[in-house]
Amino acid sequence: MSIAIIFNNKNPDTWQKALNKKLTDDTVEIYPNIKNPDDVKFIVCWKPEEGVISKFKNVKVIQSVGASVEHITNTQKIDSNTVVTRIIDHNLSMDMFEFLLSSILFNMKNLDYYSQQKQLQNWSPRNYKAIKEVTVCILGLGEIGSFVSEKLSNVGFSVKGWSNSVKNIAGVQSYQGEKGLYHSIEDVDYLINLLPLTKQTENILSKRFMSSLKKGAFLINVGRGEHLVEQDLIQLLDSKHLSGALLDVFREEPLPKEHPFWKHPNITITPHVASLTNVNSAIDIVVENYLRFKNNQELLNIVSLKKGY
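Numbering-wise (the numbering used here), the sequence shown opens with residue 847 and increments by one.
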C-alpha cells in the first residue's frame, strides 16, 4: 500500500518529506511518478487535474490538504466506497479571523481612503464608527465561520450568522434556512461570505440578494469566486449601493490582468491568502487519518458527498 500526493498548484516536495519522516514504513510518491497506481489506497491532494483520480482503481481515501473539497468533488468521479476528508485546523480558523478582523478595521478606519489621499498629498480627515456600532453578518457557520463569528463578537462587534441548520454560538444572532437568509443581512455593515461551494450556494452573491443590504454596506468574499456574480457586484458598486468590496477568491485564479476588478477603485484584491494551510500542523492531521485508515478506525473530518462539505 502506498500514498500518492497529487498537487496542481502547491509544492509537493515539502509534503513528501514531512510524510516520509513520520511514516517511515510506508511509500509516499508524487504524481505522476507513481510506480504502481493499483497500490495506492490513500491520496493526498489539492486541486487535482480533472479525472486524474480515476487512474487509481483501489483508492479508499482522498485527503484534501485544505478546508474545502469542491476542487475534488467537482472535478473527479468518486466511487461510493471512497471517502473524502478535509483539514480542520485551529490555525486555519485563527488565520481567517485575523484576516477578517484586519480587513474590517482597515475599511472602518478609512485606511484605504487615506492611502489614496496620500498619493494626492491631500489632508482629509474622516469620521468613523466604533466597533460597538458596527454589525457584521457571516454567511456560513461551519468550523471556521463559527469560530470567526464568536471571535468577532468577543471583540465587540454585533454579529449575525446564517447557515442551513440551527447553530448556537455565544454572542451571535443565528439565522438558518431559506427564510432566514434575507433576514440575516438586514442592517448589516459588513457581509462576509464563508460558505462552502455547492449547487445551492453558487451565485448566491447576486444583485437580487445584495440589493437587500443597506446602502453603504461592504462585501468581503473569502468563500469561493463562484459564489459571486461579478457583473452584479460592479453594478452595485457603481450605483453606490455598496461602498466597497474586498475579494480574496475568484472564478479564475490568478485573476487575469484584463479583469475589470483590478482597476475598480472600490475593490480591494488579495491573492487567495485569507487562510493558508500550514504544512507543519496540517501534516499531523493527514498522518492521523492515514494511521486511522490503516487500523480500520473512524477517519477525521469526513465530507458528505451529498452536501458537498
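Derived from the structure by calculation, the hints contain no laboratory data. Remember, predicted model here, so these are calculated numbers, not experimental data. There's no promise every hint is true.
Result set (SDA-like, lysine to any residue): computed pairs, CA atoms no more than 25 angstroms apart in a straight line [unchecked claim]: (1) Lys-997 <-> Gln-965; (2) Lys-1060 <-> Lys-923; (3) Lys-903 <-> Asn-882; (4) Lys-1061 <-> Phe-1107; (5) Lys-1140 <-> Leu-966; (6) Lys-1086 <-> His-1110; (7) Lys-923 <-> His-1110; (8) Lys-975 <-> Thr-870; (9) Lys-1140 <-> Asn-956; (10) Lys-1140 <-> Leu-1122; (11) Lys-1013 <-> Ile-1050; (12) Lys-1061 <-> Lys-1013; (13) Lys-975 <-> Ile-1113; (14) Lys-906 <-> Glu-896; (15) Lys-1140 <-> Lys-975; (16) Lys-867 <-> His-936; (17) Lys-1140 <-> Phe-952; (18) Lys-903 <-> Asp-925; (19) Lys-893 <-> Lys-1061; (20) Lys-1060 <-> Ile-1113.
For each hint, the structure was consulted:
The suggested pairing of Lys-997 with Gln-965 is violated, with an alpha-carbon distance near 35 angstroms, which exceeds 25 angstroms. Proximity of Lys-1060 to Lys-923 is assessed by CA-CA distance (about 42 angstroms); at most 25 angstroms being required, the pair is judged violated. Using a Cα cut-off of 25 angstroms, the hinted pair Lys-903 and Asn-882 holds, with the two alpha carbons roughly 11 angstroms apart. Distance check on the hinted pair: Lys-1061 and Phe-1107 sit about 21 angstroms apart at the alpha-carbon level, within 25 angstroms; holds.
Note on Lys-1140 and Leu-966: the hinted pairing is violated, with a Cα-Cα distance of about 63 angstroms set against a maximum of 25 angstroms. Proximity of Lys-1086 to His-1110 is assessed by CA-CA distance (about 13 angstroms); at most 25 angstroms being required, the pair is judged to hold. Note on Lys-923 and His-1110: the hinted pairing is violated, with a Cα-Cα distance of about 39 angstroms set against a maximum of 25 angstroms. About 56 angstroms separates the Cα atoms of Lys-975 and Thr-870, which puts this hinted pair outside 25 angstroms; it is violated.
Distance hint between Lys-1140 and Asn-956 is unfulfilled; the C-alpha atoms sit about 53 angstroms from each other, more than 25 angstroms. The suggested pairing of Lys-1140 with Leu-1122 is violated, with an alpha-carbon distance near 28 angstroms, which exceeds 25 angstroms. Between Lys-1013 and Ile-1050, the direct Cα distance comes to roughly 20 angstroms. Compliance with the 25 angstroms bound is thereby established for this hinted pair. At roughly 28 angstroms between alpha-carbon atoms, Lys-1061 and Lys-1013 are farther apart than 25 angstroms, so this suggested pair is violated.
As the CA atoms of Lys-975 and Ile-1113 are separated by approximately 21 angstroms, the hinted pair is consistent with the 25 angstroms bound. A C-alpha spacing of about 18 angstroms is found between Lys-906 and Glu-896, which places the hinted pair at or below 25 angstroms, so the restraint holds. Distance hint between Lys-1140 and Lys-975 is unfulfilled; the C-alpha atoms sit about 55 angstroms from each other, more than 25 angstroms. For the suggested pair Lys-867 and His-936, the alpha carbons sit about 23 angstroms apart, so the restraint of at most 25 angstroms is met.
Only pairs whose Cα atoms come within 25 angstroms are accepted, and Lys-1140 paired with Phe-952 is rejected, the gap being roughly 47 angstroms. About 9 angstroms separates the Cα atoms of Lys-903 and Asp-925, which keeps this hinted pair within 25 angstroms; it holds. The suggested pairing of Lys-893 with Lys-1061 is violated, with an alpha-carbon distance near 37 angstroms, which exceeds 25 angstroms. For the suggested pair Lys-1060 and Ile-1113, the alpha carbons sit about 18 angstroms apart, so the restraint of at most 25 angstroms is met.
The structure shown violates the earlier hints numbered 1, 2, 5, 7, 8, 9, 10, 12, 15, 17 and 19.
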